[in-house]
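Student: The residues making up each chain are set out below.
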Amino acid sequence: MKAASEMRDLANRLIAYEGGAGNGSEPMGSPTLRVYEKLRQSLGEFVGVAGFQSLATRALTLARPEAPSLSAALVTADGALKGLGKTENRFDNGSDLAGEGGVILIARLLGLLRIFIGEALTLSLLRNAWPGEVFDDRNSENGRKA
Amino acid sequence: MSTQDKVTINKLPTGVPGLDEIVGGGLPEFSFNIIAGAPGSGKTTLAHQFVFANASLERPALYFTVLGESAIKMLRYQQQYTFFDPAKLPGSIRFINLSQVVLEKDLGAVLEEITKEVEKANPSVVVVDSFRTMVRKPNSDMDLQSFIQRLALFLASWQATTFLIGEYAEDELRDNPIFTVADGLFWLRQTAERNSIVRKLQIIKMRGQDSVPGLHTFRITDAGVQAFSRTFGLTARKRNPPSNRRLCFGIPELDKMLDGGVREGDSVLIAGSSGTGKSVLATQFIAEGISHGEPGIVAVFEERPEAYAERATSLGLDLETPQKDGKLTILYLRPLDLSVDETMQSILDAVENIGAKRLVIDSLAGFEMALSPGFRADFRESLYRMIFALTGIGVTILSTVEVDESFTEFPFSTYSISFLCDDILRLRYVSIDGQLRKIMVVIKMRGGNHAKDIREYEITSTGVVILGKRLTEYQGLISGIPVHSNGSDTTERL
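Chains as they are written, first to last, in the working numbering: chain A, 5 to 150; chain B, 4 to 497.
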């Protein structure tokens, strides 16, 4: 079963936003990693480190079959994501396969949140970490409301 | 010190229907409260309701979760309640997980973390769920009492109203130093009685204001916790002065027997065995009131409202139109595990909604059966409170009760509740001339010169009709087997 298209769309928008706002030379220069870290920070506050680590590990497990580029990725005990940076750089250089892995992972993570706490609450939490324009319908690939 | 010199303690809405009245008008602002009870008793839901009712962007709520239910599952389940407003998260309500600090550090670090977040957010409400899990943490540099003491002091100084949630058993209440720190102590109980679950809450302590003592029933529905005060929320309302106005049944001969009708604000009991026409009389009483512009409530337990209205139609009484016009509410109260207080709340809400003047409870036996077994033991006491509360606000109550027909006794009811009733009308079968006929007699009428006559009646297509004059030619009518005054047996001989 693939990550739901709405979640992929949302993940794409978050990554695109971070891609536009970020500086590639920073340690967290990868847009996907920046999205992941923001989620880790905002979700970690209320689910705890262990809670986030469990969710992220599950998301990675679900994402791997769809994205072989994630085979080297792992979630550490403190919830950090390792082994994605290299492939992300390839994505920055034009490799679609690696970039798609990041999108799928974030989409899976968002999808898990939606399953557990519903769409309204998921979006409320995301809106706290990203500006409203990211969730604007006009920025949506498929035109659906996020 | 004069009243104007005293500090005013603001009262915050609890967000729990019925609870504001129980705690004395609302929760004192800046108070430090503990919600205690067994797992599953509704502690977290109650705290959530308070949080959602009071948190704002300017003065948010901080909800610290410790060990126990994970925040993500808590949100998953709590959002099923109608009070849960996702738009309040995370701006007005922030959930902060402290499990890592609790697991890796000591209580001092927990206090430090809470202090840091409170100073940063300036919250109006702080919840720690569940602080009890911290008690079990060994080798802490700070004991729990000291932790609670310092936390209470700090949060009060920061003008936060606080709830600590903890799992406690009944026997832990005594001599527990933690409870001495609290300004308010809420105890939630959930007990199994035979096949039923009964939930009750008690305000063991509420500094600075009068809470309603005793155990109050509460229920958890999709709207969250709803509490039912033992005083039915009527403590602030004045009792109406006694009225001399008479309310008729619309049955001329019966109204004459009642010296013009029952007195407004009376509690009337119609007692009789099955088929004697108790419900018919009750329906006529309600219909007559509606025809005089007096809205009514019928609480039925033994048949559905549609069937009740249909039966009225067969008597030529229209109960459909007044229901549509908001002049009549037929309440069907038959969920399992009902408490009298919940029934009362439904009735009071209906009375308030339509300004009801007449109330029919049909029947007390059905009412009792709808109650949880645990509440049946207190049925008389509950009835007393209910009748006192309703008649006090001017509602005239007519209750029906089925009694076992006996040919040796003449009981008024099986509940020994006649002392609760101002007026009693007794219906019964008698065997006369080979027929099972019906008689009625007014047994008691407080403040009225009622007729002493025993009258025969029939149930016709237009309702109860009283026949002829009083039955003077028979003796022993109330035994059910009368003897003709000329000495002949009235029963048919085969």
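Since the hints were derived computationally from the structure, they do not count as laboratory data.
Here the structure is a predicted model, which is why all the values come from computation and not from measurement.
We treat Cβ as the ideally placed atom computed from N, Cα and C, and that holds for glycine.
Check each hint, because a few of them may be wrong.
[Stated by the list, open to error] As a list, the in silico SDA-like pairs of lysine to any residue whose alpha-carbon atoms are at most 25 Å apart:
1) B:K91 <-> A:T80
2) B:K76 <-> A:D140
3) B:K108 <-> A:A81
4) B:K108 <-> A:Q45
5) B:K119 <-> A:L66
6) B:K76 <-> A:L66
7) B:K91 <-> A:R17
8) B:K91 <-> A:L66
9) B:K119 <-> A:N132
10) B:K76 <-> A:L127
11) B:K91 <-> A:G122
12) B:K76 <-> A:T80
13) B:K91 <-> A:R131
14) B:K447 <-> B:N489
15) B:K76 <-> A:G122
16) B:K76 <-> A:A76
17) B:K76 <-> A:S46
18) A:K42 <-> B:P89
19) B:K123 <-> A:G136
20) B:K119 <-> A:E104
21) B:K76 <-> A:E49
22) B:K76 <-> A:R62
23) A:K42 <-> B:K447
24) B:K123 <-> A:L66
25) A:K42 <-> B:A124
26) B:K76 <-> A:A133
27) B:K91 <-> A:V138
28) B:K123 <-> A:R17
[Said to hold, decoys possible] Label pairs and their in silico Cβ distance ranges:
29) A:A84 <-> B:G217: 50 to 56 Å
30) A:A84 <-> B:A226: 39 to 45 Å
31) A:A84 <-> B:Q83: 47 to 53 Å
32) A:E137 <-> B:T118: 17 to 23 Å
Student: If a hint holds in the structure, say so; if it doesn't, say that too.
Tutor: Right, here's what the structure says about each hint:
| no. | hint | in the structure |
| --- | --- | --- |
| 1 | B:K91 <-> A:T80 | violated, 32 Å |
| 2 | B:K76 <-> A:D140 | violated, 29 Å |
| 3 | B:K108 <-> A:A81 | holds, 17 Å |
| 4 | B:K108 <-> A:Q45 | holds, 20 Å |
| 5 | B:K119 <-> A:L66 | violated, 37 Å |
| 6 | B:K76 <-> A:L66 | holds, 20 Å |
| 7 | B:K91 <-> A:R17 | holds, 24 Å |
| 8 | B:K91 <-> A:L66 | violated, 31 Å |
| 9 | B:K119 <-> A:N132 | holds, 20 Å |
| 10 | B:K76 <-> A:L127 | holds, 17 Å |
| 11 | B:K91 <-> A:G122 | holds, 14 Å |
| 12 | B:K76 <-> A:T80 | holds, 23 Å |
| 13 | B:K91 <-> A:R131 | holds, 12 Å |
| 14 | B:K447 <-> B:N489 | violated, 30 Å |
| 15 | B:K76 <-> A:G122 | holds, 11 Å |
| 16 | B:K76 <-> A:A76 | violated, 30 Å |
| 17 | B:K76 <-> A:S46 | holds, 16 Å |
| 18 | A:K42 <-> B:P89 | holds, 20 Å |
| 19 | B:K123 <-> A:G136 | holds, 24 Å |
| 20 | B:K119 <-> A:E104 | violated, 40 Å |
| 21 | B:K76 <-> A:E49 | holds, 15 Å |
| 22 | B:K76 <-> A:R62 | holds, 16 Å |
| 23 | A:K42 <-> B:K447 | violated, 77 Å |
| 24 | B:K123 <-> A:L66 | violated, 37 Å |
| 25 | A:K42 <-> B:A124 | holds, 20 Å |
| 26 | B:K76 <-> A:A133 | holds, 21 Å |
| 27 | B:K91 <-> A:V138 | holds, 20 Å |
| 28 | B:K123 <-> A:R17 | violated, 31 Å |
| 29 | A:A84 <-> B:G217: 50 to 56 Å | holds, 54 Å |
| 30 | A:A84 <-> B:A226: 39 to 45 Å | holds, 42 Å |
| 31 | A:A84 <-> B:Q83: 47 to 53 Å | violated, 33 Å |
| 32 | A:E137 <-> B:T118: 17 to 23 Å | violated, 36 Å |
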